[in-house]
Amino acid sequence: MGLALLVVIWLITFFSTYFFAAKTWYLPTGMSAATAGIDHQFAVTFLLMGIVFVLAQGALGLFVWRYRDQGAATRVQYSHGNTKLEVLWTTLTAIMFIGLNLMGSPIWAAERFAPAQAGAVPVEVTGMQFAWYFRYAGVDGKFGRTDPKLQDASAGNESAIGLDTTDPAAKDDVVTGTMYLPVNREVDLTLRAEDVIHSFFVPSMRFKQDAVPGLAIHMHFTPTQTGDYEIACAELCGLGHYKMHGMLHVVSQEDFDKWLAAREAEKQ
Amino acid sequence: MATLSPTIAIKDVRPGRGGAGVRPPAGGGGDGPEGGGFSDYGARLRRARLGLIVGLTSVLMIFVGFTSALIFRQGVPTLDERTGQYIHDWLQVNLPIPLLLVNTFILLVSSVTMELARRQVTRQAALAPVRSIPGVSVGDERGFPWLYVTVVLGLGFLAGQWMAWRELADRGFSVATSPSSSFVYLLTGTHAVHLAGGLVALIYSSAAALLHKPVEARRIAVDVTGWYWHVMAFLWIYLFALLWFTR
Amino acid sequence: MATTAALHAHAPQGFIRKYIFSLDHKVIGLQYYFLALVAVFVGMALSLLMRIHMIWPTAVLPLIGEIKPETYLSLLTMHGTIMVFFVLTTAPQGGFGNYFLPIQIGAPDMAFPVLNMLSFWTTFVGFVVLIAAFFVSGGAPLHGWTGYTPLSALPSAGPGEQLGADLWITSIAIFCIASLMGALNFITTTLDLRAKGMSMMRMPLTCWAWFITAILGLLAFGVLLSAGILLLLDRNLGTSFYVPLVVVNGQIMAHKGGSPLLWQHLFWFFGHPEVYIAILPGMGVASQILSTFSRKPIFGYKAMVYAIMAIGLLGFMVWGHHMFMSGMSPYSAFAFSVMTMAIGVPSAIKTFNWLGTLYKGRIRFQTPMLFAIGFVSMFVSGGLSGPFLAQPVLDIPLHDTAFVVAHFHLIMGVAAIFGIFAATYYWFPKMFGRMMNETLGKVHFFATLIGTYCIFMPMHYLGLAAQPRRYSQFTEVAYLHRLIPLNEFITYVAIITVAAQFIFLFNLFWSMKKGAKASDNPWEATTLEWSTATPPPHDNFGGHTPVVNHGPYEYNVPGAPRDYIMQTDPVTAEAH
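Protein chains in written order, with my numbering: chain L, 1 to 268; chain R, 1001 to 1247; chain Y, 2001 to 2576.
Calculated directly from the structure, the hints in this document are not laboratory data. Take the hints with a grain of salt, since some may be wrong.
Okay, the calculated beta carbon distance ranges per label pair [as the list claims (entries may be wrong)]:
{"no.": "1", "chain 1": "L", "residue 1": "Thr83", "chain 2": "Y", "residue 2": "Arg2364", "range": "49 to 59 angstroms"}
{"no.": "2", "chain 1": "L", "residue 1": "Leu48", "chain 2": "R", "residue 2": "Ser1174", "range": "39 to 49 angstroms"}
{"no.": "3", "chain 1": "Y", "residue 1": "Val2571", "chain 2": "L", "residue 2": "Thr83", "range": "21 to 31 angstroms"}
{"no.": "4", "chain 1": "L", "residue 1": "Leu48", "chain 2": "Y", "residue 2": "Ser2199", "range": "48 to 58 angstroms"}
{"no.": "5", "chain 1": "R", "residue 1": "Gly1189", "chain 2": "Y", "residue 2": "Val2114", "range": "57 to 67 angstroms"}
{"no.": "6", "chain 1": "R", "residue 1": "Phe1245", "chain 2": "Y", "residue 2": "Thr2058", "range": "54 to 64 angstroms"}
{"no.": "7", "chain 1": "Y", "residue 1": "Ala2254", "chain 2": "L", "residue 2": "Asp255", "range": "41 to 51 angstroms"}
If you want the ones that stay clear, here's a sample from chain L, every Cβ over 12 angstroms from chain Y, calculated [stated by the list, open to error]:
{"no.": "8", "residue": "Ile9"}
{"no.": "9", "residue": "Gly50"}
{"no.": "10", "residue": "Gly71"}
{"no.": "11", "residue": "Pro106"}
{"no.": "12", "residue": "Thr178"}
{"no.": "13", "residue": "Ala262"}
{"no.": "14", "residue": "Ala265"}
Ideal Cβ placement from N, Cα and C applies to all residues, glycine included.
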């Protein structure tokens, strides 16, 4: 029985670790400035936790086999514990856990404490059951007023977020259902939600943030590769949660300008 | 090797609170059918008080929850959808202060009468063994009906709180008018429910007196209800102050 | 009216007083246990339906028909709620705690038997109210067991959010009240009813776990109750505690200014301690069993006690780690993260001490021990994904993905269930006077161990590959397509593992009738429940009160006549 346990526990440990290490299913390739830091932190955490995992499960399997009941011949060590050992492993785990935490905190600070840099593209993201809308401020760089009374989701785009077209600042606002961003330029996001909480999740950008009704949350990230990336909703928002998905197209600055100008033209 | 666990033989062990082992196996049943035995009545009283302290902790946690909700709700602004600016929507509630002061006074007086009732029944319980000796008279055992007075005052407080609600509604503050008024109704209402629970316990204790239950059982009921009542009075003062400062 | 002494001397006669409205903590414990047993099979069936819907969305099932996406979310909500409240909180604490806490500390009953009975029947009502949500118009709510506002506060936000959601929150409020009554009883009993010689530091670790769990419940459920009341008011009286101005389906709701984050703070202030409410009793049981079956004292008894206390205390300071992506201040995220990492330290101490207990023991492999070993393995696996999620930086890719689902299922779901299984196999002889079948037990153990690992380990990979949780289909988002085979694998294993649980069910009921007769102390264990008759008499110790002379885990004491010294054994010269 001890041997069976040893084999099962060790096999489980091996296969679990193998698929992590082999990256058969792994973080999607990151295409943003934050990727390096986050992935590095992940790798370090994975390495440390992996070592502890293998050691702990390995010892568990080994001990149950090695110290199985073999009749009267087995001598049992009568011990109530060992203070020195307790202190040692308490200190070691404390150092490892707190150390990991401190290591990760500068990345967190860069992502969340500092506002977007000057020159970032302002984009307002609005989540509603069950779509994402993206608003660009236009040439004046200012978002116009919105009004819940004017909201009409069935009409889409401008009407979906209730843009008040009588506001001069709203005249050049562009609202789309697809997100376009210039590459290598920071985006200054404002996240809002109309009805319930949604979560703006772009795995390839290593970006996630809840969009909460009653809050306008400012965030930023920088795409570093052109391409098409999927946006998912990561917070349960109702019936259509699983299909509340959007597309992010990261393009060159020229293409972005062209695209925006075309949208402006469409509006007139 | 240093050890972290107790060694096997502990010569002079301090028993658990009350060294429960010396009691006959009538230990459980703090709230069970009343035991008549005098021997474990002290233990039962202590157990009931301990239970009360623990129970009150949970009641207080409910109010801790409400208080933190109030502070959070008042302190954190929300987005105005039209302007994109953060605003506060905390309307000042026009509390019926004189009425609430009268209610407070009634409750405090009831707390005093409750204490008198509690001491009265304690005395009765202490004298009960003496009284059972044939030929010994310890004077009038009835005394002033403080318990009933407390029940009446408690009912008076609840009626007063109801009037305060009516007054608030007349002044245009319903439950949903503003978060401030929501909290007024919520806190006063929850407090009233807890006080009503205390009233039920008081009425039970009074009935116990009429039903000639053993005086020890009545004493435990009155004692525990008494402490509960005092805490409810203090809780009301706290809530009143909270509502006043955050209105 | 019977006196207390008489009540305990003479067990109540008549079916109703004896089995339905019983005041006996042992009967109440069994009532809790069987309620949890019903609940766990309901909850498991719901999860199986979810897994089936994920990979065969159009399958028409017998009796149920086709599962629709909204039904999927109802299943998810009810699965979580049933499992967390009516299984993981009910079985280890209400069930085994009720049955064995008084016996293990040498008390004839709980401190307040009537309250104890009320607590169970209140829980029962809560369960009935919850199940009723399936049968009202609109069905069960779809907002998940966490019930995030405004989704849970707006009747028009989705199907099931009308009466179903009201029943859901009412059920939780009822459960809170029941748990508060239970916690009151546990704490008073532990403090006041210990037998002579049973000092706090001689209590079995199970008692410590139940005691600290009760304190956590006492402090946490009050806050959840207040949060629930606010939610009911928002839903039914038009207040705006949680709901700001929102537009649902083109309709402007009457609320304004409320804060969705307020619900999250209140909910998780309860919710995180709840995790420990679910797992601490399992830790206690694992410690008890590992020591008994290794024939060795528990390694570092005091360290174990302090670790339980530390976990309990820190458990109240970490709720914000559920909210790193919620829009809460990023600065407070930093503080919550440090506290969360700190809570890993006492958890690690416990793991080391379990390994230390096994080290140089003489291990017997009866089924309770297998499940206790499985508990340690699950606790390690589930625990080590914690430091990933505790870092706000890594929450960016991992929050609300299948990685989180894997993490909490391993640590508070499967590990706690392993604790319940271990406890069932361990105490079954005491409760029913018969042994459970060992062969069936071992088959059940290996099927469950391998099965649960095959279900939940791959979920980590899905989470890494950014599969969001609570998705009923993986067809709408393109990058999820390649994850479908792995999801299929999980579903297949889930079907097998669920099937294996019927081995347990059969073993349980078969052994009650046909199992081998159990002696008073079949495991040669030391704690007080093994020093009384099997099953224990109405007043637990048959008219006398035990006197405790020894610590709880005295195995293989040098010089002792046999390899264990029971807590009630007289003090002898050799034992010193």
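For each hint, the structure was consulted:
For Thr83 (chain L) paired with Arg2364 (chain Y), a C-beta distance near 28 angstroms fails the hint of 49 to 59 angstroms. A hinted range of 39 to 49 angstroms is violated for the C-beta pair Leu48 (chain L) and Ser1174 (chain R), which are about 57 angstroms apart. In this structure the hint that Val2571 (chain Y) and Thr83 (chain L) lie 21 to 31 angstroms apart at CB holds, the actual value being about 26 angstroms. Range check, Leu48 (chain L) to Ser2199 (chain Y): about 40 angstroms between beta-carbon atoms, so the 48 to 58 angstroms window is missed.
Between Gly1189 (chain R) and Val2114 (chain Y) the beta carbon distance is about 27 angstroms. The supplied range of 57 to 67 angstroms is therefore violated. Distance hint for Phe1245 (chain R) and Thr2058 (chain Y): a CB-CB separation of about 60 angstroms, consistent with the stated range 54 to 64 angstroms. At roughly 45 angstroms, the beta carbons of Ala2254 (chain Y) and Asp255 (chain L) sit within the given window of 41 to 51 angstroms. With 12 angstroms as the threshold on Cβ separation, the claim that Ile9 (chain L) sits away from chain Y is violated: the shortest Cβ distance comes to roughly 6 angstroms.
Its beta-carbon lying about 8 angstroms from the closest one in chain Y, Gly50 (chain L) breaks the requirement of being farther than 12 angstroms from that chain. In this structure Gly71 (chain L) is not separated from chain Y by more than 12 angstroms, as the shortest Cβ-Cβ distance comes to only about 9 angstroms. With a cut of 12 angstroms on Cβ distances, Pro106 (chain L) falls inside the contact zone with chain Y, its closest approach being about 9 angstroms. Separation of Thr178 (chain L) from chain Y is adequate, the least Cβ-Cβ distance of about 14 angstroms exceeding the 12 angstroms criterion.
The beta carbon of Ala262 (chain L) is kept farther than 12 angstroms from every beta carbon of chain Y, the shortest such distance being approximately 25 angstroms. No Cβ of chain Y comes within 12 angstroms of the Cβ of Ala265 (chain L); the nearest lies about 29 angstroms off, and the non-interface call holds.
In summary, the numbered hints that this structure violates are 1, 2, 4, 5, 8, 9, 10, 11.
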